[in-house]
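Engineer: Chain residues, written in single-letter form:
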Amino acid sequence: MSNTAMMEFPGVTAPQGLPRLLGPGGADLPEHLRTHGPLPHQGALIEEIEAAGLTGRGGAGFPTAVKLAAVARQPGSKVAVGNGAESEPASHKDKQLLWLAPHLVLDGLQLAAAAVGARRACLYLHRHDQLRRRLTDALAERAAAGWDRVAVELVTAPPRFLAGEESALASRIGGGLARPRFKRPPVYERGAGGAPTLVQNVETLAHLALIARHGAPWFRQVGTAAEPGSVIVTAHRADGVTVVREVPAGLPLGGLLGRAPAQAVLVGGYHGTWIPVQQAARLPLANAALRPLGAAVGAGVLAALPPDRCGLAETARVLRYLAAESAGQCGPCLNGLPRIATAFAVLARPGADRRCLDDLERWAGLVTGRGACHHPDGTVRLVRSALAAFSAETGRHLRGRCAADPAAAPFLPVPGSGYAAPSARRDWR
Amino acid sequence: MDTYLRVDPTACSGHGLCAELLPERITLDEWGYPIISAEPISPALRAHARRAVTDCPALALLLERTG
Chain Z
0 MSNTAMMEFP GVTAPQGLPR LLGPGGADLP EHLRTHGPLP HQGALIEEIE
50 AAGLTGRGGA GFPTAVKLAA VARQPGSKVA VGNGAESEPA SHKDKQLLWL
100 APHLVLDGLQ LAAAAVGARR ACLYLHRHDQ LRRRLTDALA ERAAAGWDRV
150 AVELVTAPPR FLAGEESALA SRIGGGLARP RFKRPPVYER GAGGAPTLVQ
200 NVETLAHLAL IARHGAPWFR QVGTAAEPGS VIVTAHRADG VTVVREVPAG
250 LPLGGLLGRA PAQAVLVGGY HGTWIPVQQA ARLPLANAAL RPLGAAVGAG
300 VLAALPPDRC GLAETARVLR YLAAESAGQC GPCLNGLPRI ATAFAVLARP
350 GADRRCLDDL ERWAGLVTGR GACHHPDGTV RLVRSALAAF SAETGRHLRG
400 RCAADPAAAP FLPVPGSGYA APSARRDWR
Chain G
0 MDTYLRVDPT ACSGHGLCAE LLPERITLDE WGYPIISAEP ISPALRAHAR
50 RAVTDCPALA LLLERTG
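In order, the protein sequences belong to chains Z and G.
For the first sequence, numbering that gives the first Met the number 0 gives the first residue as 0, with consecutive numbering after it.
For the second sequence, numbering that gives the first Met the number 0 gives the first residue as 0, with consecutive numbering after it.
Just chain Z, with the same shape it has in the complex (with noise of 0.2 Å):
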């Protein structure tokens, strides 16, 4: 069937060198099928996913091939869903992904879906309107075409920093509140509506619809032996300037922050890690070199933190809106998370009392690894990371100074007006 199509299509051939994702040619379905050729409905998807060695691109890093294979092992009816909820306000290159290339996640969910043997899909978005109007003309114009053998649901995730959470999500598209469950059975067993529930993150299933269509080696090309593949990140440079980039996994990390002077980099988004510039330019874009320093990829968000902002403030600041968040359902992160968060905007403040230094640590112990999600730890890490790398900060702050500069703006973007913590079921909606 592919080769039929592809003397029709004689033009198509894999993309070397990047971008792959986010070149030209995914305006409409027949650019898309000038770039990319049709739909690779053959061959056995997972045993080339695995030689690929593509890993999921939403921030754990889980290889995809045994995602798919363990919901493929399920019995009865099954869902896969296409993970486009990017809650995290630094992130933006699902949303980029999906307005420049949104045929090519489609096809992702499309293979997906036909490889675990899902009979139902969906795919969670991002509120945003512009964006579901894109989606919901991609989709219209496969259903013309009759180029999907699954209808694909579009749901709208709230905008809760959760949503996106592998069970959250699942809770969602089977009716329910996005907030994370106890993961006893797993999402991939029991997720949406009791159905085994196959999440992909919607960069990692572009990564598939090409990997389906041009093969393991190909995929391979770029990145490094371990972490092969290109990776999309959106980098906030330390000159203002935001830019969303694929580059390939590997990538020395000061090749992505532009040349403007900065003090650290926060890697891996608000669950991340903050490590001093000096250190992190040199580090390369793959997991293999910051796990040692408890660091990770996560969803590639990385920022360049300029010299004349508090480290302390900025991070204050991300843990405010991380603790007021919190789903609220377990204890030790609804108690613990704003004590954090009310004891940093302390250490943040020149004149800081030492006692709130204990006070963090003491706390940060608790909550760890004692929530049904990820959000206390990634919480504790952001505060750890940021003792480390601003000790010197917190240092003149304890002496009642600090060296930035009071008049400037705040660097990391956290939702400002209009913004209004969960506070009822229907923020979940």
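Among these hints, one or two may not hold up.
To be verified - Ranges between beta-carbon positions, derived for each pair:
| hint | chain 1 | residue 1 | chain 2 | residue 2 | range |
| --- | --- | --- | --- | --- | --- |
| 1 | Z | 307 | G | 29 | 37 to 45 Å |
| 2 | G | 45 | Z | 214 | 51 to 59 Å |
| 3 | G | 30 | Z | 143 | 52 to 60 Å |
| 4 | G | 34 | Z | 18 | 42 to 50 Å |
| 5 | G | 14 | Z | 364 | 22 to 30 Å |
| 6 | G | 14 | Z | 350 | 35 to 43 Å |
| 7 | Z | 173 | G | 23 | 32 to 40 Å |
As the list claims (entries may be wrong) - From the derived model, a few chain G residues whose C-beta atoms are all more than 10 Å from chain Z:
| hint | residue |
| --- | --- |
| 8 | 20 |
| 9 | 23 |
| 10 | 41 |
| 11 | 42 |
| 12 | 45 |
By construction, these hints were calculated from the structure, which means they are not laboratory data.
From the three backbone atoms N, C-alpha and C, an ideal C-beta is built for every residue, glycine too.
Given chain Z, put chain G in place with the hints provided.
Structural biologist: Same frame as chain Z, now just chain G:
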């Protein structure tokens, strides 16, 4: 095969009964929520652990076998 106590933190509402029934493995944090020791439940403690599981008012405790 070892047996471990686990808590479903979304179900737990901090009654604290478990810490009274099984102080050998469960203490309460400063907000009244259980901190469960990572050690496996020894055969001598199994009956107490089972009682803690069945008596939890929120049905938030479970015994898991792994190994």
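Engineer: Hint by hint, say whether it matches the structure.
Structural biologist: Structure-based check of each hint:
1. Z:307 x G:29: 37 to 45 Å: At 38 Å between Cβs, range holds.
2. G:45 x Z:214: 51 to 59 Å: Once the Cβ atoms are compared, 53 Å apart, the range 51 to 59 Å for residue 214 of chain Z and residue 45 of chain G holds.
3. G:30 x Z:143: 52 to 60 Å: 56 Å, holds
4. G:34 x Z:18: 42 to 50 Å: The hinted range 42 to 50 Å holds for residue 34 of chain G and residue 18 of chain Z, with Cβ atoms some 48 Å apart.
5. G:14 x Z:364: 22 to 30 Å: Cβ of residue 14 of chain G to Cβ of residue 364 of chain Z: about 23 Å, so the range 22 to 30 Å holds.
6. G:14 x Z:350: 35 to 43 Å: 41 Å, holds
7. Z:173 x G:23: 32 to 40 Å: 39 Å, holds
8. 20: Fine: 18 Å to the nearest Cβ keeps residue 20 of chain G off the interface.
9. 23: Fine: 19 Å to the nearest Cβ keeps residue 23 of chain G off the interface.
10. 41: Its Cβ never comes within 10 Å of chain Z, the nearest being 22 Å, so this holds.
11. 42: 24 Å, holds
12. 45: 20 Å, holds
When the structure is compared with the earlier hints, no violation turns up for any of them.
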